[in-house]
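Student: The task is simple: from the sequences and hints, build the whole structure.
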Amino acid sequence: MADVVVIGVGNRMMGDDAVGPIVIDRLAGRLPETVSLIESVGDATHLLDSWRDARLTVVVDAVVSGGVPGSIHRIDGKEGFPSSWRSASTHLIGVVEAIDLGGAVDMMPDELVVYGIEIDKVEPGVVLAREIDAAADKVVEMIAAELAVVRSP
Amino acid sequence: MTNAREISVEYLARVEGEGSMRVKVVDDKIEHVEFSIFEPPRFFEAFMRGRPHTEAPDITARICGICPVAYQMSSVHAMEDAFGVTVGGSLRELRRLLYCGEWIESHALHIYLLHAPDFLGYESGIHMAADHREVVEQGLRLKKVGNSIVGLVGGREIHPINVRVAGFYRTPTKRELETLVPELEWARDAAAETIRFVGGFTFPDVDQDFEFVSLSHPDEYPFNEGRIVSSKGLDLPISEFNEFFVEQHVDRSNALHSQIRERGAYHVGPLARYALNFEKLTPFAQEMAVEAGLGPVVTNPFKSIVVRAVEVLYAVEESLRIIDSYESPPEPYVEYTAFESEGHGATEAPRGLLYHRYRIHGDGRIADAQIVPPTAQNQLTIESDLRVVLEQHLDLPDDELSWVLEQSIRNYDPCISCATHFLDLTVERG
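Protein chains in written order, with the working numbering: chain A, 16 to 168; chain B, 524 to 953.
Just so you know, these hints were derived from the structure itself, not from any lab.
Positions of the beta carbon are idealized from the N, C-alpha and C atoms, including for glycine.
Every clue listed holds true.
Chain A stretches covered by chain B per the calculated footprint, using a threshold of three residues with CB under 8 Å from any CB of chain B:
(1) 23 to 36
(2) 51 to 58
(3) 61 to 70
(4) 112 to 120
Computed far set for chain B versus chain A, every beta-carbon distance over 12 Å:
(5) Gly611
(6) Glu716
(7) Gln731
(8) Gln771
(9) Lys803
(10) Gly816
(11) Leu817
(12) Tyr849
(13) Pro853
(14) Tyr856
(15) Glu858
(16) Thr860
(17) Ala890
Here are some chain B residues the structure puts well away from chain A; computed CB gaps all over 12 Å:
(18) Thr696
(19) Ala713
(20) Asp891
Tutor: Rendered as structure tokens:
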């Protein structure tokens with residue numbers, strides 16, 4: 016298990032919901048080799064397995080909280096999540112639920128950071144809206160900067 | 524004075540959007556029951572038109588995050604039917620193994636995290652974990668056994684990428700498969716324990732005269748192959764699906780409802796497979812089913828959770844059998860040539876029969892596609908169950924009534940069940 020994992024949550028066939036996996040694509044080759052990049056549809060149990068042994072986990076997911084599409088939220092897992100947050104990942108037990116469940120069964124990483132990219136709605140499609148595409152680029156830069164300074168403990 | 528009760532359960536508009544339940548009761552008479560689900564995967568059918576037929580497994584796998592293997596399997600079988608390809612021997616066995624993995628992970632998730640909380644009085648699996656941590660941990664570990672199979676044979680746990688028309692891109696060695704054995708042996712005991720655990724729940728007393736529909740194969744509990752049979756006498760090759768089953772409008776709803784032509788509702792999924800294939804289960808799975816109080820046919824939809832647990836045990840034992848007798852195939856796939864044709868495929872997704880049909884151009888591109896998922900086929904049956912459950916529980920206050928109605932919907936593990944934590948309940952009284 017890698018020390019640091021970055022998980023992009025979403026479905027590539029569901030329009031803006033693909034933003035998590037697309038961030039993962041764009042991060043390839045940009046991070047230290049010790050960081051593993053994982054794509055997930057957001058199934059809570061897959062998330063738990065992906066991050067349980069990691070020291071630091073960064074999750075990127077689309078969210079629908081009524082904000083401006085393309086706006087970026089960065090949330091430290093220790094601070095908890097706004098109640099308006101609903102992970103928009105397609106129809107599985109999602110990221111927020113995975114965090115609650117992971118807490119209950121002690122399957123959380125030491126540190127968790129979640130990037131939420133605000134989207135308008137989830138509907139089938141294979142192209143990101145322009146503002147979501149731009150937000151994906153920004154998040155890639157933010158994660159690359161954040162993880163460039165990560166050193167082994 | 525009229526006393527009207529309306530219960531409507533709307534799901535947050537997400538991907539599939541329209542999943543909802545509406546119930547209206549006036550003077551203790553049921554006026555309206557409607558259960559709607561997302562539109563069948565029309566987007567995917569349209570998206571595939573004009574694309575190479577070889578892309579169908581990967582594209583359709585993305586329709587559902589929890590049963591990608593089912594979509595891959597129905598699509599590859601349809602293509603192989605179109606081009607007259609037969610996939611046998613170890614390749615066929617590997618497909619069964621992959622499907623076992625998907626049943627284990629999907630059923631374990633549903634039993635432990637989605638449905639058991641209904642029976643034990645918890646709002647969700649997360650709430651249940653606070654009091655029953657070891658139960659939830661067992662469910663997670665069992666699910667992981669399924670994930671590991673899908674990861675090894677399918678190439679990736681979620682959206683497996685190793686499946687192709689006529690076989691696989693790469694086949695595992697026996698040694699690789701054997702790494703799964705220790706956890707599968709644990710899972711055999713855990714699955715038996717699961718049957719005892721869920722068999723001890725209290726079940727609402729509902730008995731329905733379902734027409735069960737599933738695949739049936741002469742030698743095996745069905746995954747990939749067989750004829751489509753029903754408990755009321757249907758027996759047809761997969762290629763005749765559209766001659767016997769149809770999506771029609773019903774008066775109360777705008778949505779199309781799957782029906783048997785000139786007959787009406789039918790039931791696909793674990794209860795149907797079990798009723799039509801009981802004798803094909805392993806002896807241990809049959810024995811455990813009997814110990815849990817099940818007969819060879821189960822007509823109480825609330826007991827589907829027990830039948831799912833029996834199917835988990837079957838899938839674990841079948842996995843062990845396949846790994847034990849496995850020999851690497853000489854080639855990972857069968858050579859074939861595409862030509863203008865039409866093909867049909869139906870396999871048993873965890874939730875029931877999943878039918879695909881494709882027409883292919885002479886150059887191998889897809890001319891048109893049809894996908895009929897299990898939840899769409901169960902829609903009318905779910906409504907019929909809601910009516911019965913409602914009649915029996917009219918004396919309950921709205922919140923408890925709503926609980927048992929939602930529990931009733933989850934008997935079918937509908938694709939929307941995962942989204943139920945977004946339920947937004949409105950109750951109106953006249």
